[in-house]
Structure formats: C-alpha cells, structure tokens
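*Asks:* Residues per chain, in single letters:
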Amino acid sequence: MKKVLIIFGVLSLLIFIRPVLGLNTAKNTSTTQSVEQIDTAENESFFDKAFGGINQFYNYTGFANATSGHLIMIVIGLIFIYLGIKYDYEPLLLIPIGAGVIIGNIPFVAGNMTGIYEEGSVLNFLYFGVVKGIYPPLIFLGIGAMTDFSSLIANPKLMLLGAAAQIGVFGTFLGALYLGFHLPEAGAIGIIGGADGPTAIFLSSKLANGVNLLPDGTTVKNLIGPIAIAAYSYMALVPVIQPPLMRLLISKKERKIRMKPPRAVSQKEKMIFPIAALILTTFISPSALPLLGMLFFGNLLKESGRTERLAETARTKMIDIVTILLGVTVGASTQADIFITKDSLLIFGLGAISFVIATMGGLLFAKLMNLFLKGDNKINPLIGAAGVSAVPDSARVVHAEALKSDPHNYLLMHAMAPNVAGVIGSAIAAGILLSFLT
Amino acid sequence: MINIPLQIDQISEGYIILGTGLFIVFSSLVLLSVFFKFGVPALLNSYKAIKKGKEKGSQMIKKDAPAVVPAVSEKEFTGETAAAIATALHMYLHEQHDNENAILTIKQAKKMYSPWSSKIYATHQNFR
Numbered sequence: 001m002k003k004v005l006i007i008f009g010v011l012s013l014l015i016f017i018r019p020v021l022g023l024n025t026a027k028n029t030s031t032t033q034s035v036e037q038i039d040t041a042e043n044e045s046f047f048d049k050a051f052g053g054i055n056q057f058y059n060y061t062g063f064a065n066a067t068s069g070h071l072i073m074i075v076i077g078l079i080f081i082y083l084g085i086k087y088d089y090e091p092l093l094l095i096p097i098g099a100g101v102i103i104g105n106i107p108f109v110a111g112n113m114t115g116i117y118e119e120g121s122v123l124n125f126l127y128f129g130v131v132k133g134i135y136p137p138l139i140f141l142g143i144g145a146m147t148d149f150s151s152l153i154a155n156p157k158l159m160l161l162g163a164a165a166q167i168g169v170f171g172t173f174l175g176a177l178y179l180g181f182h183l184p185e186a187g188a189i190g191i192i193g194g195a196d197g198p199t200a201i202f203l204s205s206k207l208a209n210g211v212n213l214l215p216d217g218t219t220v221k222n223l224i225g226p227i228a229i230a231a232y233s234y235m236a237l238v239p240v241i242q243p244p245l246m247r248l249l250i251s252k253k254e255r256k257i258r259m260k261p262p263r264a265v266s267q268k269e270k271m272i273f274p275i276a277a278l279i280l281t282t283f284i285s286p287s288a289l290p291l292l293g294m295l296f297f298g299n300l301l302k303e304s305g306r307t308e309r310l311a312e313t314a315r316t317k318m319i320d321i322v323t324i325l326l327g328v329t330v331g332a333s334t335q336a337d338i339f340i341t342k343d344s345l346l347i348f349g350l351g352a353i354s355f356v357i358a359t360m361g362g363l364l365f366a367k368l369m370n371l372f373l374k375g376d377n378k379i380n381p382l383i384g385a386a387g388v389s390a391v392p393d394s395a396r397v398v399h400a401e402a403l404k405s406d407p408h409n410y411l412l413m414h415a416m417a418p419n420v421a422g423v424i425g426s427a428i429a430a431g432i433l434l435s436f437l438t
Numbered sequence: 001m002i003n004i005p006l007q008i009d010q011i012s013e014g015y016i017i018l019g020t021g022l023f024i025v026f027s028s029l030v031l032l033s034v035f036f037k038f039g040v041p042a043l044l045n046s047y048k049a050i051k052k053g054k055e056k057g058s059q060m061i062k063k064d065a066p067a068v069v070p071a072v073s074e075k076e077f078t079g080e081t082a083a084a085i086a087t088a089l090h091m092y093l094h095e096q097h098d099n100e101n102a103i104l105t106i107k108q109a110k111k112m113y114s115p116w117s118s119k120i121y122a123t124h125q126n127f128r
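Those protein sequence lines, which keep their order, are chains B and Y. Using the numbering used here, read the first sequence as starting at 1 and increasing by one per residue. Using the numbering used here, read the second sequence as starting at 1 and increasing by one per residue.
Because the hints were derived from the structure by calculation, they are not lab data. A couple of the hints might just be wrong.
[Stated by the list, open to error] Capping the alpha-carbon separation at 25 angstroms, the derived lysine to any residue pairs in SDA-like fashion look like this:
1) B:K221 with B:G120
2) Y:K37 with B:S266
3) B:K157 with B:L371
4) B:K367 with Y:V30
5) Y:K48 with B:Q267
[What the hints assert, rightly or not] Some chain Y residues well away from chain B (every beta-carbon gap over 10 angstroms; in silico):
6) K52
7) G53
8) L104
[As the list claims (entries may be wrong)] Part of the chain Y face toward chain B, derived, beta carbon under 8 angstroms:
9) G14
10) I24
11) L29
12) S33
Where a beta carbon is used, it is the ideal one built from N, C-alpha and C, also for glycine.
All chains should be built: construct the whole structure from the sequences, respecting the hints.
*Replies:* Okay, here's the thing in structure tokens:
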C-alpha cells in the first residue's frame, strides 16, 4: 500500500512539475525560434487550457446535457424497477425495461455512436432485433414450448373467448383513427389491445417504424417505443385493471358457477394440435406466419416427446436471452427527445381503453355463450376476461377473483384455455392488420 | 357520370378493416374449434378402426381381455378422477418408510486450512 502511494505521488508530482521544467529547459536552450514559440504559447495558456479541457469534459458529461425530459424518463425508469421489485408486477419485464429506460436516457453529446438511434452504435445493433421484428418470433418459440394447450383441446368452444377479446384491438384501432393517427400507425396502436408484448412489437416494427412511406408521401412516425412500453406496462397492470370490470359486469351468482373438470386429453391430440393449428391459422392469415409458425413449432417440440432437449432450451435459456435483449433495448428506445411527445400520451390513453374494451368484450361474450349452453356445460363468465392474452397473468387474475366469491372454485385451468386462445387470436389479428395496412 | 372518390377517407376504411378483421379472427378460431370438436375425434377414431382391423386377425386372444376389467367410458374418466388416482399413488409411494437404508456413514467434516484471516499471521508479523 505504501509503495503504491509513493509511486502515485511521484507520478503526480512529475506530471504537475513537467510544465515548469519545460519552461526552464526552454529558457535554457532557446535555440530555435519555433521551439520558443511553442513553449511560450504552452506557458501562457496552461491554466486556460486546463480549464478549457475541464470545461470541454464538463460539456461531454450528462450534467451539462441533461434536460427535464431526460430526468423525467429516468424517474419513470426508477418507478418501473420499483414496481417490479416491490409489487412483483412482471419483474422479468419491468426490471430490464426500467434499466433500459435509464440507459437510454443518460444525456450524451450526439455523434459519438453512443445513442440507440445512432447508426452503428452498439445499442443500435441490439435494437436491430426490435426494429426488424426478430425478437418477437423467438419469444413466441419459447412461449410455444412452455404452453400446455390441453385445456383448450378439451374444451374447444372456449377458443371463441380468445376471439371475442380481440374486439379491443379493432376498437382501439378505430379510436386511434378518430384521434388523427394514420392508418398504419392506428393499426400498430390497436394491437396494444391484444395484450401481447411480442405481438405489439412485431406489428409496430412493421407498421409504425419511422421508415415506411404513407400514400401522401410522408413517412410514418416511429412509435415502437411508446407502443411497447404501453403494452408491457398495461400487461403488468392487468391485476389492477381487470377485477373492477369483472365485478361490474358479472353478477355474484354468475361468478359462483362451477365448471365441470376438463376431460383427459390424449398425447396424440396434443401432438396433432400444433400441426393442425399451424396449418389452419396460417392459411387464413399468412402475415402472422413468423409469430404463429414459431409458436406452434415450439409447442410441437414440447409435445412430440422426442425433442425434449430443444424444447427445454427454447423455454428456458433462449427465451431468457431474448427477453433480456428485448427488455433493455425497448427500454432504451424511450430516449426523451423521441419519446416525450403528445403521441406517446395519446398512445398510453388508448392503451388503457383498449385493455378495458378487450376485457369487457371477453366477459360479455362469455355471458352471451352462456345463453346457449345448458346445464353443467355452462361456463363461468369470469374466464372471458382471460381472453385478452397477457399469459398467464390474466388467467391468474380470473382464478383469484373466482376464489373470492367461492373459495373452492378453481378456475385456473379453465381460464388458461381462453388465455392461450387469446395469444393465437391476437397473432391472427396482427396478421390481418399487417396484410391490410402495408 | 358518377363521381367515385379516389381515396376513401380513413375512418370509413377503418370500419371496413374493423368488420372484416373481426370476422376473420372469429371465423379462423371457430374453424379451429370446430376442427378440434369434430375433426380430431373422427381422425382418431378412424385411426383406431384401421389399427383394430389390422390386428383383428393376429390377436384374437387379446380381444377378451377388456371384458374382465369393468368398462369405464371415457366421459366418466375426468381430470378429477385422474387427479385422485395420481394423488393416491403419490401418497402410497412416498409414505413407505419400511425400507430405510441400513448402512450408517459418518460424514467427516474436514476443515480445510486457509491462511485467510489466520491468527498466526495477524499476531506474528511485525509491522514497521
């Protein structure tokens, strides 16, 4: 320790003394005029230069470049992290996104290849997977390898609930049009109602990416950041948004309906499901191929019984890696000067409305279905709320809500059916919007 | 001559997309659910029938076997029954404490020597 101190002291002494020595030597020698000139110049402006350097350094720091926008966004990032840690709202998403928001909003001087929007910067390369829609299909592969579709196979009519909740997508789409967004932008905003982060990012990267040209010659706005943030934050807020709507629309008596346990599903059916669903849905909506193809491929890996290794990787390591990259880059894409606009606020408002519409659509459609169902085939209308995807949070919310009115009514497995149907439905809806609007 | 506007305004196009989009989403999921309600059971039944037809000649003895076991229709065998059987099996298998391993071993808790924070170094070294 002592030695280090001594060495450090000597070095610093040398550095501080150098100009003085330089001055002396210059005076002593002073052979050529040019040398003298340089030395005198150095001598005169040493302190000025030092201050100039410090000043320049200061100009490069975050303190000099910070604007109120940056500070607001950093606070938002901190709130995300706090919500993730303290209330356990989707911490796997909110913590990476929150950290990303902080990373993306550290003020810097443009032109040094630092920012996420600067061509060629490291963050820009990572963001490439978002802009080109590469990450979402990979996440869908993992989701497919995780999801058990057996409750859906046992009770196929619940698939309609997944379709009913998609009214949120199209309702928001219309609302965005009325607020003055262009068609592609409105489509990308509408998909927030699908309550599916990867799908929202996929569609907005295709429709509202700031590159495509509109018919009138202007480019569309880049809305990927606001849409992704809105989608993920409302997904995290599902436990807050949905229960009041359930209590509002579903009577106490209906909440107590018990559903008969689903029948046992054979392994053959489980194997047929991904293949048949892949072929049927993608023939109808080919634009959703990257999402649905990967989803059902992942599920086939899981159910085939021969590719457990691949399924294991897809549902653990791979989806984790992609989630990390996606979360951080989506968070970082909220750079204040691009993110804090009126449009973002409108998108957040529309996002909340879309969740409400989607939930109500699912609940009301479930009540409608009950009019046609007899005896113990009746469904508990609460599971309609799980038709917005938000896997598996909305199913959990339904389960918890049903337990409140009847402590022995376990709806989780029943709610998973509309839940996964909602994933399929929102991917199909994304495909339809994509094919209409490009 | 009828004047057809070249560009339909955005809102009406939005309504068209709303209608057709919802219709397509519904129809595709209806198609899927119909396929799984009727198509897949039919497929599996036909598969079973083909398999049975093939095995009919060679395995006449096996045919009598199901008569011994009381037949339970697939409708009666619900997830609840399966869960009950599985729980019973699990409890049976995990409450067997009769076959304990008789070999006793004493695990040697060997403390590895490490100079880290050793007292000898702390007390026997003279600092200048």
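*Asks:* Looking at the structure, which of the earlier hints fail to hold?
*Replies:* Hints that this structure does not satisfy do not exist here, as all of them hold.
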